[in-house]
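Chemist: The chain contents come next:
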Amino acid sequence: MGSEAIVVENVSKRFNLRHTRSLKETVVWLLKGRRGDLSSTFMALDGVDINVEVGESVALLGLNGSGKSTLLKLISGVMTTDSGTVRTRGKVAGLIEVGAGFHPDLTGRENVFLNGVILGMTEKETAERFDAIVEFSEIGKFIDTEVKFYSSGMFLRLAFAVAVHTNPDVFLIDEILSVGDEPFQKKCLARVQELRDSGCTLVVVSHDLDMVSKVCDRGVVLRQGKKVADGPIGEAVSLLREG
Amino acid sequence: MSQDALAAPDKGGGLFDVLRRRDLLRLIVRKELKVRYRSSVLGLLWSYVKPGVQFVVFYFALGVFLGLNKQPNFVIYMFSGIILVNYFSEAFGQATRSVVANAALVKKIYLPRELFPVASVWVAIVHFLPQMLILLVACFFFGWTPTIPQLIGAAGAFVIVTMLSLGLGLFFAAANVLFRDSENIVDLMLMMATWFSPVLYAWYLVRDTLGETFYFFYQLNPMTIAVELFHAAFWSPTSAVRLAPEGARLPENLLSLWLPVGLLISLLILAVGQSAFRRLEGRFAQEL
Ligand SMILES: Nc1ncnc2c1ncn2[C@@H]1O[C@H](COP(=O)(O)OP(=O)(O)OP(=O)(O)O)[C@@H](O)[C@H]1O
Ligand SMILES: [Mg+2]
Chain A
145 MGSEAIVVEN VSKRFNLRHT RSLKETVVWL LKGRRGDLSS TFMALDGVDI NVEVGESVAL
205 LGLNGSGKST LLKLISGVMT TDSGTVRTRG KVAGLIEVGA GFHPDLTGRE NVFLNGVILG
265 MTEKETAERF DAIVEFSEIG KFIDTEVKFY SSGMFLRLAF AVAVHTNPDV FLIDEILSVG
325 DEPFQKKCLA RVQELRDSGC TLVVVSHDLD MVSKVCDRGV VLRQGKKVAD GPIGEAVSLL
385 REG
Chain B
16 MSQDALAAPD KGGGLFDVLR RRDLLRLIVR KELKVRYRSS VLGLLWSYVK PGVQFVVFYF
76 ALGVFLGLNK QPNFVIYMFS GIILVNYFSE AFGQATRSVV ANAALVKKIY LPRELFPVAS
136 VWVAIVHFLP QMLILLVACF FFGWTPTIPQ LIGAAGAFVI VTMLSLGLGL FFAAANVLFR
196 DSENIVDLML MMATWFSPVL YAWYLVRDTL GETFYFFYQL NPMTIAVELF HAAFWSPTSA
256 VRLAPEGARL PENLLSLWLP VGLLISLLIL AVGQSAFRRL EGRFAQEL
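Line by line, the protein sequences give chains A and B.
All residue numbers for the first sequence refer to our numbering, where the first residue is 145 and numbers rise by one.
All residue numbers for the second sequence refer to our numbering, where the first residue is 16 and numbers rise by one.
By construction, these hints were calculated from the structure, which means they are not laboratory data.
Idealized CB from N, CA, C, for every residue including glycine.
Any given hint could be a false lead.
[To be verified] Within a straight-line C-alpha distance of at most 20 Å, the following computed EDC-like cross-link-like pairs (lysine to aspartate or glutamate) qualify:
#	chain 1	residue 1	chain 2	residue 2
1	A	K235	B	D202
2	B	K49	A	D288
3	A	K358	A	E197
4	B	K122	A	E319
5	B	K122	A	D226
6	A	K371	A	E200
7	A	K235	A	E197
8	A	K268	B	D38
9	A	K168	B	E198
10	A	K168	B	D202
11	B	K49	A	E254
12	B	K46	A	D249
13	B	K46	A	E267
14	A	K168	B	E302
[What the hints assert, rightly or not] Here are a few chain B residues that face chain A, going by a calculated C-beta distance under 10 Å:
#	residue
15	A23
16	R36
17	R45
18	K46
19	R53
20	D196
21	G226
22	F299
[Said to hold, decoys possible] Chain A regions said to be covered by chain B (calculated; three or more residues, Cβ under 8 Å):
#	stretch
23	224-235
24	244-256
25	260-267
Put together the whole structure using the sequences plus the hints.
Modeler: What follows is the structure in structure tokens.
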């Protein structure tokens, strides 16, 4: 048995640039024997290979639109690849965005349970970790208030707290370490480092290069959907800084 | 560390995945109900008030005012059909909208996507039960003495409508992601649903005016079969109908032939809906 946590092999992903075609346009296109291109396409990922070992922490770097979020979505299974394969080992928690499963009309408590189970815990596990989650978020007495009355920082704190208490084997983080105020950011960073030290595999997407240098050992740089560098985090960061 | 093998992330066990994540299904259903009745004093009680009022309106407006009460227990006939159509409409309509409505989740976290249509159907069941209760209370009031086969028929009707609405709901929920036209198509279908089954009129009118051939195809509609099974179970065993000179006129072979036919057709529709859903599922996240 190997020790890879994530194996990405020659993965490509192509998107349609125009989504808003109508039923009429499509029918006409089908009647004409599918002639011509209904919508132009665009390669968001182009033959990417990445192997991540169990316990490794990898930063995924690149400019806006280079395909980082797309790659994370492929790894978490939210999207499927057009060609190539993605395989993972163990429970994967993909945090493409904090609070994706939060509903504004539910209370903090209800949202913690809903989101905990959405992120793969059982109801019982969520109940066991409930106090730890609330304590981490420092929401305190607001826990039984509906989430729509939270400040945006409070909302993000609670969502992040749920996410980091799910104990996955592989943790995919997209731009969420910059939530909250300065003390809370420090706390998030400490929690992620703690997860890493406990053997959890991390893939972190962020534009905060100083922060990723602290969390990750290895950096992968994407440029227009292609992998252009893969090595120690210091080299990846300096490549990106030079542009 | 985990001893699991490397595996592709998207296992896609379809409806079986939903069974595996019952916890989540229950929470999503609870969320839907909470959100539906937020800041409402009566809350779920509304699902008793609405059909109750509907029943009273039928009795007085149609029955007394339009004189339809001359037909024996007309109000039971109509109400038992109407609640099935209500159930079908809510289950099918909401299931169609469910995937698009949960776009935020579908785009960002991997869950078995069948969860959303299934949860919609479940919520529809929660709203169906109070209507069923009102029907039962009314039935006892009208001297209801059902037989066991009639009750089995009613249970069969419920299964038929559930499979049918889930199957159609899965199909149109997936189509709705690609073409929002689907919602409007479904609304049209639901508008016609009341008229394509004998809810507001008697089934033999169709046979007598439109002929045997048309009636055969009319009878293949699982909703028609389900509504007739409900008539057989709730309307025909009430005392006024049993004592009426012409008795309860019901289609022949309802239990022996049409019940199995209805179950089979709706199971087929469920299978088609599920496989269409699974074929399109891979594109949900990028199209929403
Ligand atoms: N569902 C979609 N349909 C069409 N195009 C898409 C879709 N999702 C992403 N794209 C395109 O794919 C490219 C890569 O997007 P992606 O979100 O992966 O970038 P990113 O590296 O995460 O950027 P950022 O740093 O801004 O978060 C972008 O050009 C984007 O427009
Ligand atoms: Mg991104």
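Chemist: Does each hint hold? Answer for all of them.
Modeler: We went through each hint and held it up to the structure:
no., hint, in the structure
1, A:K235 <-> B:D202, "40 Å, violated"
2, B:K49 <-> A:D288, "14 Å, holds"
3, A:K358 <-> A:E197, "19 Å, holds"
4, B:K122 <-> A:E319, "16 Å, holds"
5, B:K122 <-> A:D226, "17 Å, holds"
6, A:K371 <-> A:E200, "18 Å, holds"
7, A:K235 <-> A:E197, "15 Å, holds"
8, A:K268 <-> B:D38, "10 Å, holds"
9, A:K168 <-> B:E198, "15 Å, holds"
10, A:K168 <-> B:D202, "19 Å, holds"
11, B:K49 <-> A:E254, "10 Å, holds"
12, B:K46 <-> A:D249, "9 Å, holds"
13, B:K46 <-> A:E267, "14 Å, holds"
14, A:K168 <-> B:E302, "18 Å, holds"
15, A23, "6 Å, holds"
16, R36, "8 Å, holds"
17, R45, "8 Å, holds"
18, K46, "6 Å, holds"
19, R53, "5 Å, holds"
20, D196, "5 Å, holds"
21, G226, "34 Å, violated"
22, F299, "9 Å, holds"
23, 224-235, "holds (count 8)"
24, 244-256, "holds (count 6)"
25, 260-267, "holds (count 5)"
Figure legend: structure checked against the earlier numbered hints; hints not met, in rising order: 1 and 21.
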